[in-house]
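In the order they appear, the protein sequences are chains A and B.
Per full-length UniProt numbering, the very first residue in the first sequence carries number 1; after that it's consecutive.
Per full-length UniProt numbering, the very first residue in the second sequence carries number 1; after that it's consecutive.
Please note that a few of the clues may not be correct.
Per the computed footprint, the stretches of chain B lying under chain A, defined by three or more beta-carbons under 8 angstroms from a beta-carbon of chain A, are [unchecked claim]:
#1 118–130
#2 189–195
#3 280–290
Cβ pair distances, simulated, as ranges [what the hints assert, rightly or not]:
#4 Ala145/A x Pro325/B: 39 to 47 angstroms
#5 Cys323/B x Arg425/A: 24 to 32 angstroms
#6 Val74/B x Phe397/A: 56 to 64 angstroms
Derived by calculation from the structure, the hints in this document are not laboratory data.
Ideal Cβ positions, reconstructed from N, Cα and C, are used throughout, including at glycine.
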Amino acid sequence: MALTFDYQGGIYPPERKSRSSQASLQYAPLPARVTLPLRQHSGRPATACVTPGQHVQVGTLIARRDGLISADVHASISGTVTQVSEHAIQIESDNLDTRQPLAPLDWRETDALTLLARLDESGVVGLGGAGFPTQVKARVIERHAIDTLIINAAECEPYITADDITLQRYPGEVLEGAQLMASLCGAGQIVIGIEDNKPEAIAALKQAITQSRPAPITLGVIPIRYPSGSEKLLIKTLLNRTVPSLGLPADVGVLCHNPGTLLAALQAVRDGQPLVQRVVTLTGEAISRPGNYWVRLGTPIDELLAYAGLERSRLDKVVQGGPMMGSTLETLSAPATKTTNCLIAATQSELPPAPPASPCIRCGACENVCPVQLLPQQLHWYARAQEDDKLERYHLFDCIECGACSYVCPSHIPLVDDYREAKSRLRHQRIEAAKADHAKHRFEFRQARLAREEAEKQARRHARQAQNRPGAASSTEATAAPQADLRSLRIAQTAAKAAVRKAEKVLAREAQQAPNESHEDLEMQLATARENLKAADLQLAQARQSASAPEESP
Amino acid sequence: MSMLHASQATDAPVSMTSTSPTAPLMRWVMAATLPGIIAMTAWFGLGVLSNIVLAAAFGLLLESVVLRLRKRPVVPALNDSSALLTGVLLGASLPPASPWWLIGVGMVAAVVIAKQLYGGLGHNPFNPAMVGYALLLVSFPAYMTLWAPPQPLISDTLWAQIMGTLPATQIDALSGATPLDAFKQKADGLSAAQFWASDPLPAGTLNAWRMISLAWLAGGILLLAKRIISWHIPAALLGSMLILAALFHLLDADQFASPTLHLLTGATLFGAFFIATDPVSAATSRRGKLLYGAGIGILIVVIRNLGGYPDAVAFGVLLMNLCVPLIDLYTVPRPQGHYRGVP
Chain A
1 MALTFDYQGG
11 IYPPERKSRS
21 SQASLQYAPL
31 PARVTLPLRQ
41 HSGRPATACV
51 TPGQHVQVGT
61 LIARRDGLIS
71 ADVHASISGT
81 VTQVSEHAIQ
91 IESDNLDTRQ
101 PLAPLDWRET
111 DALTLLARLD
121 ESGVVGLGGA
131 GFPTQVKARV
141 IERHAIDTLI
151 INAAECEPYI
161 TADDITLQRY
171 PGEVLEGAQL
181 MASLCGAGQI
191 VIGIEDNKPE
201 AIAALKQAIT
211 QSRPAPITLG
221 VIPIRYPSGS
231 EKLLIKTLLN
241 RTVPSLGLPA
251 DVGVLCHNPG
261 TLLAALQAVR
271 DGQPLVQRVV
281 TLTGEAISRP
291 GNYWVRLGTP
301 IDELLAYAGL
311 ERSRLDKVVQ
321 GGPMMGSTLE
331 TLSAPATKTT
341 NCLIAATQSE
351 LPPAPPASPC
361 IRCGACENVC
371 PVQLLPQQLH
381 WYARAQEDDK
391 LERYHLFDCI
401 ECGACSYVCP
411 SHIPLVDDYR
421 EAKSRLRHQR
431 IEAAKADHAK
441 HRFEFRQARL
451 AREEAEKQAR
461 RHARQAQNRP
471 GAASSTEATA
481 APQADLRSLR
491 IAQTAAKAAV
501 RKAEKVLARE
511 AQQAPNESHE
521 DLEMQLATAR
531 ENLKAADLQL
541 AQARQSASAP
551 EESP
Chain B
1 MSMLHASQAT
11 DAPVSMTSTS
21 PTAPLMRWVM
31 AATLPGIIAM
41 TAWFGLGVLS
51 NIVLAAAFGL
61 LLESVVLRLR
71 KRPVVPALND
81 SSALLTGVLL
91 GASLPPASPW
101 WLIGVGMVAA
111 VVIAKQLYGG
121 LGHNPFNPAM
131 VGYALLLVSF
141 PAYMTLWAPP
151 QPLISDTLWA
161 QIMGTLPATQ
171 IDALSGATPL
181 DAFKQKADGL
191 SAAQFWASDP
201 LPAGTLNAWR
211 MISLAWLAGG
221 ILLLAKRIIS
231 WHIPAALLGS
241 MLILAALFHL
251 LDADQFASPT
261 LHLLTGATLF
271 GAFFIATDPV
281 SAATSRRGKL
291 LYGAGIGILI
301 VVIRNLGGYP
311 DAVAFGVLLM
321 NLCVPLIDLY
331 TVPRPQGHYR
341 GVP
């Protein structure tokens, strides 16, 4: 694509990608033990469905999704479950690596519902970082018209090369995955957004594009600049569409996927392989064999780093994610999860601690680099002073936390930390303010659950009666269930269905906007709507049965 | 959470913004004052340097005393060079060879009252140097409004002037007026042409002021080139000043000075590049900076032409400092994703 559109701001940090991008993709050794957290995705943690001592194979479901925004977790090695705790499941390997795949599907021959169910039961989530459940994102077609699927391969953060290597090794499969997801969301075209510092990946894609069917694919090579890979900026750059403030890409007809996610989606469908491994960039000056590795989920990070040649004496800190938006790891015994895209074992001189901050003199360097045109210097002032109405006025919640402002600040002020703190304080205030509502929603859920249980009881009693005294039952019930009643029940059931859809829509939206927040209240409202629907279904089925019974034996 | 920082990322292949920690920033500004200071010294003698040295010394001294009283770390604050810069700027604004106590009073107003009492660097709503200057101007007009004519590097009375021991009669004898002042004070019936024909200023005065203004302009261009300041404030200030001065001049050329006289003989260029651009007390968004600069330019012309003072950069800057919170509030840029007309 010749034409790319510009956005203001952005920075050019050192890339530091060459160390890990030169080595070929390797398989990390099979770990002797894995620890699989129940929460490796945005939303609620999954619920464990195995017990200690149980034997599992690669791909065995070990924890089920709970609520809408959640994802299944599968065993990533074969062996024995040794521990099931509140947060994680531990598996000891039997070194056999036997697999329990799902049935392979040909996505071109399979209906959408089956494909969505497959993504769901494979535990596929976004591998770019946030870990948003892919099946929820794929179901966007129920709510929005999508015309373009974007493959977000910009990978603009320094150090990370996982997408680059994935595209070099599996260009055809990534595009096949993109075709699959495009057909699911109804997108008529696919656009690849990739920074021009990945010539090998670009060459591989050019080759693969010619064979990819049916949606036409355009390759959008964009100049390097951080943070071009930020979803909204990439959409602006490639399509010149502006996603509204606090809105979603779907609002302008776009869906973005990371290449790794597309590969995982294809493997889940074509090979029946649930998400049990991912590509992780291991890099940093403190390791001697940097590169990209296929890593089984749950592998301890210290094992991975040791395999890549960690020199402990030189190690200063390990950063998970990129140096701009990632976080420093507290402990190296933590496992690699679905959202671990990069581990940087940095030396002291490589990522030195920031010098002490000095006062802001409003020089405006931050304003010049802010990619969403905020005034970081003013936000800083009001965040420190906790002037909440001013924070809203200066659009705090439009901040994408890219860290460009902190990067250039001559006073070394940790600006993004300030904004995150202010955001979470404001969110907390909102939750506090809505506490009464939450209590009401909990009460409503309880009522709905009781009503559903009552309806089930009645259904069972009715079934028993019908079995024991077929003739008598039908004659008495027939008068009690006139046609009008059936009609109102049908209306009630339709309304309950609509309520579920609405609750799903609201939750999916909110969760996609803020994938790292808790959306407990909305999950509760969705559960309430589902209970109501179940009750309505039962009542309707029962009334239908009674209504049809007299006709059969008049 | 950014763990990379521009000042430390030395392997950066390209750097769009030439960023630097606060202290080098201030030092670059001081370096950019050199052409102006050298030009002033060349025409007005060592009295210019004595002003600057004394003011800078007072600045450092007062800053460290107040920081100690406020129980704040002294060394990092002195290292940021902001007090030094305030001293240089105030020193360059004062008439050459001002008495030491005058400079001291001005620096107390600038550093202690305008800066530290408001919370130190980054918290002062008013430009410290201009607070000092304005206080001196209204308190000691005799010393502040009379500039000596161009003179040799070392004058006979230099030491006595600095020590403040020169008798008042001799001060009057020594002093002249700035071109703007002289034009303002001209007799009512006199036309502009007649005024200039009468040779109202000591030889070389007009030329000296022009050269000094151009030297400040050179320093300002250095600041722009190093991206220490953005173009918005100087451009808006000079633009609005020139337009308004031209309008006045067209209205009555005999009463109101020409735009070039406004531009080249007062503190206009010094103010536009070195005073109005102080980021702490200026408006902050790009649109806000344009408004702020334009406001100063308008005030300079209005006060010079209609008010009681021959020069007005200090008052223009201080009055617009007052407006900064309001300007900032109404010039918040529209972030990406916000559409026009939707709040």
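Each hint, compared with the structure:
{"no.": "1", "hint": "118–130", "verdict": "holds (count 4)"}
{"no.": "2", "hint": "189–195", "verdict": "violated (count 0)"}
{"no.": "3", "hint": "280–290", "verdict": "holds (count 5)"}
{"no.": "4", "hint": "Ala145/A x Pro325/B: 39 to 47 angstroms", "verdict": "holds, 45 angstroms"}
{"no.": "5", "hint": "Cys323/B x Arg425/A: 24 to 32 angstroms", "verdict": "holds, 31 angstroms"}
{"no.": "6", "hint": "Val74/B x Phe397/A: 56 to 64 angstroms", "verdict": "violated, 40 angstroms"}
Checked against the numbered hints given earlier, this structure breaks hints 2 and 6; the rest are met.
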